[in-house]
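Peer 1: Convert by adding 1 to the 1-based position in the sequence shown; the result is the number in the numbering used here.
I should point out that these hints are in silico values taken from the structure, not numbers from a laboratory.
There could be a bad hint or two in this list.
Computed spacing ranges between beta-carbons, pair by pair [unchecked claim]:
#, residue 1, residue 2, range
1, W203, P345, 47 to 53 angstroms
2, K320, K70, 25 to 31 angstroms
3, A68, Q408, 50 to 56 angstroms
4, A68, I412, 57 to 63 angstroms
In silico lysine-lysine, BS3-like type, Cα no more than 30 angstroms apart, as pairs [said to hold, decoys possible]:
#, residue 1, residue 2
5, K70, K282
6, K305, K70
7, K205, K70
In this text, all values refer to a predicted model and were calculated from it rather than measured experimentally.
Cβ atoms here follow ideal geometry from the backbone N, Cα and C, with glycine treated the same way.
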Amino acid sequence: MVPSAVQGDGSVTRGRQLPGAACDECRRRKLQCDRQKPRCGVCHESRTMCEVTQRGVRGPKRGHLRALKDRILHLETMLATRQGGQQQQLDDAPVYSPEFSRSEPGMEEDMAERGSEVDDISAPFSLPGGVASAYDPSAFLAPPSLTGSSREQDKSMSPEIGGLSGNHLHIPEVMRDELDQLYWDRVHPSIPILQQRRYLSWTKFGLKSSAQMCLQSAMWMLATLLSVQIRNLTDALYRQTKQMLVSQNFETDHKDDGCDTEIVQAWLLVAIYESMRASHKQAWMSAGRVYRLVQGFRFHELDKTGTIIEHEDSNDIVKIEEQRRLFWMAYLLDHLMSLRNDWPITLNEHMICTRLPGPDADFQSGRPVSGSFLSEAITESSPRFTSPFTESIVLTTLYGRSLLRSQQHSILSVYGDGGDSDWLAWHRWLDNTLKIRLQVVARLCALSQTAASDPFLLFTNILGHGAVVYLCKCAMQSAASLARQPDVYAEVLQCQARALAAATAVVRLASELRELHFSKIYPLMPIPLFVVAEFLYENLTDVGPNQQLIGELLNVFRDLKNINNLEQCYLDLLPRSCVSRTTALLSYTSSSAD
């Protein structure tokens with residue numbers, strides 16, 4: 002250590018500068034620090050505490066620059082390939098036609114149908130949680146830039162990755178955190194297909210794959226839909242997400258990166274979003290992609306090999322459980338959408354060799370829990386563990402069996418064979434199974450501390466009673482040709498009584514939805530509610546319980562906010578309903594209101 006020299010007048014002459022960091026006082030005063038110990042010369046003169054704050058190591062992490070260079074090389078190759086293909090298409094095309102300039106057929110028409118409800122994104126809006134309240138959404142719409150600073154400012158949503166061109170959303174970091182939190186608070190309880198820890202592990206890293214960016218954009222799209230303050234961004238995020246997804250090429254873009262799951266998750270969120278916005282044709286086409294993708298990636302037979310999950314890597318456990326939950330959510334969506342116009346079911350239960358999802362708490366913590374197979378869960382009277390997700394899967398399976406039996410009976414009638422000798426035994430078995438599942442749901446509601454506000458549990462409860470109503474509807478249609486048999490006639494009468502009790506329970510549960518925020522109502526809730534409303538209308542009499550019940554249910558519809566337009570109610574969804582026959586019900590609604 003080189004000491005400081007003290008002159009005759011008492012001043013300190015600083016000696017030679019030692020290696021190391023300057024102290025905080027010298028930094029503040031912008032003086033050269035001699036780095037003496039225990040105090041430097043400046044601190045000795047000013048009689049202040051000499052402290053040195055250790056600074057972090059500058060520069061990129063080891064290997065980061067190489068990864069960036071490899072990524073840039075890969076992007077340049079992709080860009081050159083696509084430009085070459087586009088140039089070839091331009092050379093081959095003799096005349097330009099505006100009809101074929103759209104990125105996604107039908108997407109613009111769907112936007113035009115909705116008019117100006119969500120297309121105006123220029124108005125100021127406010128953010129929840131104390132974030133700045135005067136953001137201008139138009140500031141987030143900017144043409145893609147090829148400068149390095151642009152990429153640095155918006156790493157998570159780079160327009161060069163994913164093939165997106167045109168207007169692109171550039172969202173500030175603080176707003177991304179708000180959108181993430183909105184998703185986990187309002188969307189995840191209804192669509193539990195993502196693990197938060199796994200999502201955060203890649204979303205906080207600067208460079209994301211195109212599949213991950215598609216998923217993140219889809220998550221933000223649903224999050225903004227369930228927020229009053231930032232709904233202005235919903236439509237722009239939807240267009241961006243759809244365009245990014247359509248541009249994906251599984252043969253080249255995701256050949257080796259293992260991002261198949263994120264792409265299917267994004268398509269699933271888009272299909273649910275389109276269903277919530279009453280764009281049912283678009284939702285049906287997007288859902289069809291999901292069904293084919295989960296089949297193509299063989300998510301329906303994840304447990305076919307009988308691998309013991311406890312011996313797998315923890316990351317593999319989470320990934321497999323995400324794929325499992327993704328498949329079952331697609332299965333749930335398939336069965337619910339098949340209630341529209343009595344469509345055929347795509348994901349047949351008899352071809353599934355994937356276990357049911359475990360509890361969400363175990364999923365989020367990464368603990369391996371082996372669920373039952375679907376056939377085992379249906380026959381279990383006292384399951385080992387259950388959840389609203391699992392019960393909704395079982396209940397929609399029973400919906401599907403009722404629908405399939407009704408369709409088979411219709412086909413037999415066309416061929417002149419209306420016998421269906423085992424109909425009575427089948428109906429009694431299904432009715433008894435529904436009773437057991439309703440008891441399981443009742444136990445779930447009794448044990449849950451959040452039963453009154455859990456969107457999935459409320460939906461499952463209504464779905465269970467709606468399944469009884471739907472079974473009665475299918476039974477009445479199928480038993481018309483068997484009505485001469487006394488046992489069948491008596492069974493139909495008992496079925497009608499049970500359906501009336503179930504419809505009463507649905508009206509009671511639907512009334513409780515009035516007290517909830519619109520974000521707490523399950524996204525696909527209109528489907529079972531409209532099915533029950535149609536049943537009551539089709540069996541309407543001048544006087545009787547059905548008349549009173551449908552009146553009460555329509556009053557509930559008037560009070561529930563339409564997610565497509567918060568200034569409207571559920572009655573405004575009837576003209577664009579996901580259920581097949583709502584035209585007559587809409588006319589009845591108008592006449593009853595008068």
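Peer 1: If a hint holds in the structure, say so; if it doesn't, say that too.
Peer 2: Quick rundown of the hints versus the structure:
no.: 1; hint: W203 - P345: 47 to 53 angstroms; verdict: violated, 37 angstroms
no.: 2; hint: K320 - K70: 25 to 31 angstroms; verdict: holds, 28 angstroms
no.: 3; hint: A68 - Q408: 50 to 56 angstroms; verdict: holds, 54 angstroms
no.: 4; hint: A68 - I412: 57 to 63 angstroms; verdict: holds, 58 angstroms
no.: 5; hint: K70 - K282; verdict: violated, 43 angstroms
no.: 6; hint: K305 - K70; verdict: violated, 41 angstroms
no.: 7; hint: K205 - K70; verdict: holds, 20 angstroms
In terms of the numbered hints stated before, the structure departs from hints 1, 5, 6, listed from lowest to highest.
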